[in-house]
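Those protein sequences? They're chains A and B, same order as listed.
Residue numbers for the first sequence, in numbering that gives the first Met the number 0: 0 to 277.
Residue numbers for the second sequence, in numbering that gives the first Met the number 0: 0 to 268.
No wet-lab data here; the hints were simulated from the structure.
Backbone N, C-alpha and C define an ideal beta-carbon position, used for all residues, glycine too.
Wrong hints could be hidden among the right ones.
Which residues of chain B face chain A? A few of them, derived with a C-beta cut under 10 Å, are [unchecked claim]:
| no. | residue |
| --- | --- |
| 1 | 50 |
| 2 | 53 |
| 3 | 54 |
| 4 | 75 |
| 5 | 80 |
| 6 | 86 |
| 7 | 90 |
| 8 | 93 |
| 9 | 94 |
| 10 | 95 |
| 11 | 96 |
| 12 | 155 |
| 13 | 156 |
Label pairs and their in silico Cβ distance ranges [as the list claims (entries may be wrong)]:
| no. | chain 1 | residue 1 | chain 2 | residue 2 | range |
| --- | --- | --- | --- | --- | --- |
| 14 | A | 28 | B | 262 | 33 to 41 Å |
| 15 | A | 27 | B | 193 | 48 to 56 Å |
| 16 | B | 232 | A | 28 | 48 to 56 Å |
| 17 | A | 51 | B | 72 | 30 to 38 Å |
| 18 | A | 32 | B | 160 | 38 to 46 Å |
| 19 | A | 51 | B | 116 | 15 to 23 Å |
| 20 | B | 41 | A | 27 | 32 to 40 Å |
| 21 | B | 193 | A | 242 | 43 to 51 Å |
| 22 | B | 190 | A | 34 | 46 to 54 Å |
| 23 | A | 240 | B | 142 | 24 to 32 Å |
| 24 | B | 125 | A | 181 | 53 to 61 Å |
| 25 | A | 17 | B | 208 | 55 to 63 Å |
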Amino acid sequence: MPISSFRETDLADGALRRFFERLGSQVTARVWRLGFASRFLGYMVLHSGTALRRFPLTIREIYFAGVLSLIIILVSGLFVGMVLGLQGFNTLERYGSSEALGVLVALSLVRELGPVVAGLLFASRAGSAITAEIGLMKATEQISAMEMMAVDPIARVVAPRFWGGVISMPLLAALFSAMGIFGGYLVGVKLIGVDEGAFWSQMQAAVDVREDIVNGVIKSFVFGIAVSWIAVFEGYDAPPTAEGVSGATTRTVVTSSLAILALDFILTALMFTGGNGR
Amino acid sequence: MHDSNIVEVENLWFGYDPRQPVLRDVSVSIPRGKVVGIMGQSGCGKTTLLRIIGGAHMPTRGGARVLGALTHDLDRDGLYAMRRKMGMLFQFGALFTDMTVYDNVAFPMREHTDLAEEQIHDLVMMKLQAVGLRGAAGLVPSELSGGMARRVALARAIALDPQLMLYDEPFAGLDPISLGVIGRLIRQLNDSLGATSIIVSHDVAECLDIVDHLYFMADGRVVSEGTPQSVRDSREPFVDQFVHGKPEGPVPVNYPAPPYDADLELSGD
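So that you can see chain B by itself, here it is in the shape it has in the complex:
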């Protein structure tokens, strides 16, 4: 265990069904102050890993030490205390649809602090200004575009100045402008808050632009890691296939199937 690491995952196994592990012997270290990407195909277990770091699932074997404590040693109150130092951005924002943008950002402050409403107002405006949406405070989530909703969710996630930010597919389904804006925001907020960020994503270009370090996962395992530059130059077959989006490589594109002519009933007779 290294003191400079805010998250250490060691030999972690996890499966919703213990006979079918989703994560197999995963070890990941996240140094304090860095932005670290975890990349891989859909279904490779990267979001599950993020949820284990957030304490939403408990490992079957091995463990995740997050902010100094092993998540599976914590009771409910301990987990909640740990999560107060974290922020998480969900794939589609997960804004509370029955509240305005303002109330969404104010939500964690109202739940966890005794601040007066005037102080909350100032803080909410500062957080919304940070994501460029101070003018949208009065809107409701249904009036926001996908990119705006993601930014509001980001403002909500940083409401209590977290030490650790978890991003679950922050770029999914965004237009190029929103994508660039979110990417820059993640980097800026990380550096200005002095936080540490973990980004789970499959958007190669965006991720390579903003992260300090990358892990690649396939089939529940960490298969490669490195800095963005080393990843770009990598000749490793998996990294090469993933980064350049090649159909040929160690990851099969086609789902296993019986022989084609058997399905088309083209047998000899």
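Isolated chain A (complex conformation):
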């Protein structure tokens, strides 16, 4: 057998082996990280006593994650509702049922757009800030300093931010939906001239508290847990350098957004298909 063919086989073998080695190590690293993130969540929930007992700590985080996100949530909600009003009217008018505009706007917002868009905005506005803050605290040794003062940073720094996010998210989603419905009303009733009574009464008749509103709140609550978990974990796990923190912040926004969309699909499939006859 010629020597050259030996070499080619060796090379091919080597490249293949390296490919599988890389693939294997990347998969293992991701599974390991997911396991670490799960243990981190468990530890954080178990050590949430401080965050709940000393509730002002959590209220402060609700202010940073929730209150400071209000402007972007309210303005976005208004515009999304106004667009829904315009688009919905154009479509409904073709079938002569423009009075159902209120139903369309309300159901779209309460079931889907409210939790999902508010969740995406929350991830970019508050999630990124939480990651960057915890990451920078780590990079500037504030987390180590706390450890050396015998104060558990997960209980004192991380858990209040997590619960602040979890509590803020459903409230923000509700405000987003309310503002969106108001936007739809402005465009549909005030601008286009859909009958005001029909707009509200049809909405009232069609939107069910249990099926629509509670399900929407559950969604936003689940998104709140997902985004806050990802944000605090990425911050806590960030390499303590400038690149490390910036990379972690980006990962928070990307991972949270994907998690929201994937969870939304799963939750919608569980909540709104089969069984309830809708």
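Fit chain B to the known structure of chain A by using the hints.
Same frame as chain A, now just chain B:
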């Protein structure tokens, strides 16, 4: 084990990766009431040793007996109980940037004691007065100079009157005045609190002025020790090179590299 020693490190090995030990067979004794310096080049393992004494890392082999207990025998609660008797000053202060100077110093008191806010106020003012920054109580860390931040961090570290103070590069990046002030404060606070202090540093002059005893580390080992006077007079090649900042000596200044002419492609042809 000697009762008068507050910290005893015996035949300690440590490595983040067990195949590459950062500390090799280190033994150090810190007598109660003294200020002890641990000196060496950057990367020689001195900060790692300090972190092991603080219980932030666990030894691979050997052990560190701190305040009467072996750190690797302690669970989380035990470690936290030990750390309540310690104070640590980090290299750049590590002040909490979302709190004022006042709240930074009050932080350990609020976390670990049930003192009323008026008592905490008095204690914070006393600690800030001790470092000369009572007037800066209302400032936030971003408004402080490097030297002031270090002093606030010092006030925070002594908030609960620790028995053992750990200083990680307390002089790094300070102007000469701040440097002298911090140096004097470390000595004064140690003596007035009846504490014991460990200073990890590479600032020879400052350290020699305030410590009672010195350890020299190189490449993860303790290579020499002695009093400041014996260190000044030492003829040991490493101590001589380090104390007088000489480029020639047992510690190579250049990173290992292939032959120079090979890198410049000056081969014969």
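We went through each hint and held it up to the structure:
no.: 1; hint: 50; result: holds (9 Å)
no.: 2; hint: 53; result: holds (6 Å)
no.: 3; hint: 54; result: holds (9 Å)
no.: 4; hint: 75; result: holds (8 Å)
no.: 5; hint: 80; result: holds (7 Å)
no.: 6; hint: 86; result: holds (8 Å)
no.: 7; hint: 90; result: holds (7 Å)
no.: 8; hint: 93; result: holds (4 Å)
no.: 9; hint: 94; result: holds (7 Å)
no.: 10; hint: 95; result: holds (6 Å)
no.: 11; hint: 96; result: holds (7 Å)
no.: 12; hint: 155; result: holds (8 Å)
no.: 13; hint: 156; result: holds (8 Å)
no.: 14; hint: A/28 <-> B/262: 33 to 41 Å; result: holds (35 Å)
no.: 15; hint: A/27 <-> B/193: 48 to 56 Å; result: holds (52 Å)
no.: 16; hint: B/232 <-> A/28: 48 to 56 Å; result: holds (54 Å)
no.: 17; hint: A/51 <-> B/72: 30 to 38 Å; result: holds (32 Å)
no.: 18; hint: A/32 <-> B/160: 38 to 46 Å; result: holds (42 Å)
no.: 19; hint: A/51 <-> B/116: 15 to 23 Å; result: holds (22 Å)
no.: 20; hint: B/41 <-> A/27: 32 to 40 Å; result: holds (34 Å)
no.: 21; hint: B/193 <-> A/242: 43 to 51 Å; result: holds (45 Å)
no.: 22; hint: B/190 <-> A/34: 46 to 54 Å; result: holds (50 Å)
no.: 23; hint: A/240 <-> B/142: 24 to 32 Å; result: holds (25 Å)
no.: 24; hint: B/125 <-> A/181: 53 to 61 Å; result: holds (56 Å)
no.: 25; hint: A/17 <-> B/208: 55 to 63 Å; result: holds (56 Å)
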